[in-house]
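Enquirer: Listed below, chain by chain, are the residues.
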Amino acid sequence: MTSPHLTLTDIQVYLPSFRPSIEQVIEDIKEDGVSFRLSAAEYRDSGFAQVPIAQDESLEQMINRVCVPILSRAREEGIRLGAILFACVTNPGVQAQSLFSGLLHEFAYGDTPVIQTEEYGCAALHLSLYLAKAYLAVEPGSNAAVLFVAADRAISSHHRSDSYMLYGDAASAALLRKSGPGGQQTLADRLKVDALVYDDSPERIKMYFSTFYLAVRQVVKQVLRDAGMSMGEIRLIFCSNLGLNTWSTLARAIGCPLDKFYAGALEYAGHLHNTDILLNVNDAIQADSLKRGDFYLTVTVGFGGYYGCSLHKYE
Amino acid sequence: MMKTELTVNVLYSGAREDGSDESLIDIAIAQMEANRQWLADVDVLILCYHANTNHAERACAKIRRALDLLDTLPLTFGHSGSQAFPHALTLLKWLMAGGEYRRAVCVVADDNFSQSGLPLPAQGNPLSVIEIMPL
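Residue numbers (full-length UniProt numbering), protein chains in the order written: chain A, 1 to 315; chain B, 1 to 135.
Please note: incorrect hints may appear among the correct ones.
[Unchecked claim] Okay, derived cross-link-like pairs now, DSS-like style, lysine-lysine, Cα gap no bigger than 30 Å in a straight line:
{"no.": "1", "chain 1": "A", "residue 1": "K313", "chain 2": "B", "residue 2": "K93"}
{"no.": "2", "chain 1": "A", "residue 1": "K313", "chain 2": "A", "residue 2": "K221"}
{"no.": "3", "chain 1": "B", "residue 1": "K93", "chain 2": "A", "residue 2": "K30"}
{"no.": "4", "chain 1": "A", "residue 1": "K221", "chain 2": "A", "residue 2": "K206"}
{"no.": "5", "chain 1": "A", "residue 1": "K206", "chain 2": "B", "residue 2": "K93"}
{"no.": "6", "chain 1": "A", "residue 1": "K133", "chain 2": "A", "residue 2": "K192"}
{"no.": "7", "chain 1": "A", "residue 1": "K133", "chain 2": "A", "residue 2": "K206"}
{"no.": "8", "chain 1": "A", "residue 1": "K260", "chain 2": "A", "residue 2": "K313"}
{"no.": "9", "chain 1": "B", "residue 1": "K93", "chain 2": "A", "residue 2": "K260"}
[What the hints assert, rightly or not] Sample of chain B residues with no beta-carbon within 10 Å of chain A, all distances over it, derived:
{"no.": "10", "residue": "T7"}
{"no.": "11", "residue": "A15"}
{"no.": "12", "residue": "R16"}
{"no.": "13", "residue": "D26"}
{"no.": "14", "residue": "Q31"}
{"no.": "15", "residue": "E57"}
{"no.": "16", "residue": "A59"}
{"no.": "17", "residue": "P74"}
{"no.": "18", "residue": "G78"}
{"no.": "19", "residue": "G98"}
Honestly, the hints are just simulated from the structure, not real lab data. Every residue, glycine too, gets a C-beta built ideally from N, C-alpha and C.
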């Protein structure tokens, strides 16, 4: 058993209350000229039912909703923030620093850089855990932390769907701190980058779809080996909300039953890019499916070949 | 307080010629291919890139594959070009402090980038290739 090298605390998640059916959203995107590879019935078979869609909330307002409680507490505790690591898949060109400038000023974190990492897609969470681990390993003092923020708000039907999946709007955040009592301890983690897809080349996209489950298998097995644990000791797997069909493929590759993948939020939330994991963990705690003392895995898959897996304990 | 210090060395600095429509990324790949010694033992590949076109999509992955740098950790930042270079240094200080990462190559490219929304004066489209290592 390895000792924890990072703890996630203060997990905040925001989902818009407007959640039309997948049938409605598929019809809407098709009207805008975006094709969808599956029928609504086939997509529903994968466990999806609704898509959260921001209406009056701007991206900045969604970010504020999840960050204000965290920054307010961090300021009271005297937390030193090394950076805000910001993941925004739907809006890659957004000016990250300006989205956060009001917040940082309000809570006297004006010197904190906002670093928006790109290309990792839905695996940006695990990239952020990896980077935060490096920071915390050399920062003295128990009050050092990194703030992870994910926020996505589609501005067109081309953001709402890439023809394979529907993407909802959401924001989430968590403080990544040195190990301590409480929160979600991280005991082992692995990042794997194939980065196969960089343009529209059908050959490269095909290669990605033929190999992604093998890459997931590799990182999961590596993490379990690093931690000296077996799948039987893992209570749940929180994976990017890719749906039951894709999870079945992953479950077979990893060698575990499908019901180890937590599916409690799939119907009402669907796939929310980098918010999936924090949403699923919170949902499972509220549903009492995840209890203190439980070990679990988080697994993310970024389109094109970016993979992350970490082992956690709910303290 | 962390005291990781980095050394920064500009390997290449240039600009795309006026009138040429070659992508800065393709120019960077060609320069690095012609100077493979720049890439010896590199373990982090960084791209700070801004472009007004779809060229910006997954350009770091393209460089990584084109140059067969499959053992590198790629890092790229939100479409900010050279403005993101301080972020690259921040993350490299974190990664290099522990000793696991020893050499980064960073491509910095600003394509038609204007901070105020006005067209830039005729300064070309700057491109740099920079090596960064712990001191």
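Enquirer: All the hints need checking, so say for each whether the structure fits it.
Expert: Okay, the hints, checked on the actual structure:
{"no.": "1", "hint": "A/K313 / B/K93", "verdict": "29 Å, holds"}
{"no.": "2", "hint": "A/K313 / A/K221", "verdict": "17 Å, holds"}
{"no.": "3", "hint": "B/K93 / A/K30", "verdict": "46 Å, violated"}
{"no.": "4", "hint": "A/K221 / A/K206", "verdict": "24 Å, holds"}
{"no.": "5", "hint": "A/K206 / B/K93", "verdict": "37 Å, violated"}
{"no.": "6", "hint": "A/K133 / A/K192", "verdict": "16 Å, holds"}
{"no.": "7", "hint": "A/K133 / A/K206", "verdict": "33 Å, violated"}
{"no.": "8", "hint": "A/K260 / A/K313", "verdict": "16 Å, holds"}
{"no.": "9", "hint": "B/K93 / A/K260", "verdict": "38 Å, violated"}
{"no.": "10", "hint": "T7", "verdict": "18 Å, holds"}
{"no.": "11", "hint": "A15", "verdict": "23 Å, holds"}
{"no.": "12", "hint": "R16", "verdict": "20 Å, holds"}
{"no.": "13", "hint": "D26", "verdict": "12 Å, holds"}
{"no.": "14", "hint": "Q31", "verdict": "19 Å, holds"}
{"no.": "15", "hint": "E57", "verdict": "7 Å, violated"}
{"no.": "16", "hint": "A59", "verdict": "7 Å, violated"}
{"no.": "17", "hint": "P74", "verdict": "6 Å, violated"}
{"no.": "18", "hint": "G78", "verdict": "3 Å, violated"}
{"no.": "19", "hint": "G98", "verdict": "6 Å, violated"}
Hint violations for this structure: numbers 3, 5, 7, 9, 15, 16, 17, 18, 19, all remaining hints satisfied.
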